[in-house]
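There are 2 protein chains.
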Amino acid sequence: MVDKLTAKQREAALKRLNGWVYDEAKDAIHHVFKFKDFSEAFGFMSRVALVAEKSGHHPDWSNSYNSVTITLSTHDAGGLSVRDVELAKAIDTILV
Amino acid sequence: MVDKLTAKQREAALKRLNGWVYDEAKDAIHHVFKFKDFSEAFGFMSRVALVAEKSGHHPDWSNSYNSVTITLSTHDAGGLSVRDVELAKAIDTILV
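In order, the protein sequence lines correspond to chains A and B. Using UniProt numbering, you'd call the opening residue of the first sequence number 1 and step up by one each time. Using UniProt numbering, you'd call the opening residue of the second sequence number 1 and step up by one each time.
Any copy will do: because identical chains look the same in the list, a pair fits if it lies in one copy or spans two.
Straight-line distance between alpha carbons at most 20 Å, and here's what the computed SDA-like set of lysine to any residue pairs gives:
#, residue 1, residue 2
1, Lys-34, Ser-62
2, Lys-4, Thr-71
3, Lys-89, His-31
4, Lys-36, Ser-46
5, Lys-34, Gly-56
6, Lys-54, Ser-64
7, Lys-89, Val-51
8, Lys-54, Val-2
9, Lys-54, Gly-43
10, Lys-26, Ser-62
11, Lys-15, Val-32
12, Lys-36, His-75
13, Lys-54, Asn-66
14, Lys-34, Asp-60
15, Lys-54, Phe-35
I should point out that these hints are in silico values taken from the structure, not numbers from a laboratory.
With the rest of the complex left out, here is chain A (with noise of 0.2 Å):
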């Protein structure tokens, strides 16, 4: 089990994402990522799913063409958690 991140933690923890927006109704972070086209945007999503597959974590997510919408929150823990910030972070470190 993990816990919810208090509102102090998910302040902290934003602080050091890029780019992330908290959404308080679903205590979930989400980022829109926008590519060249969709090989592109395919390619980031193999990536990220190599990234969930490895982490035992995974994102909720869409694709239209060159846009890639990723919301994480965990599931066991009702809420945003350590794992999701930690899958964001990943997430980044991908695009830099």
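Put chain B on the given structure of chain A with help from the hints.
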């Protein structure tokens, strides 16, 4: 350019597809696919991505762990076209 299907063409096409549902409000078809786990779901998505890129027609789709929801419509046609039916058929073929 490609034309929207007529109601008659659409009904005939849906009969040849496997489990796709027509959404009148969106003039689109969608299908929710369930898999064993994320690995199997993303493996399927990778195969769909290759088919989509090859045909130059891409889905709107989302994934959450073992579930993949695919929605097909043709932006240029303003609704469902033969391109969507062909992509749906190709996706069905992956799962045979």
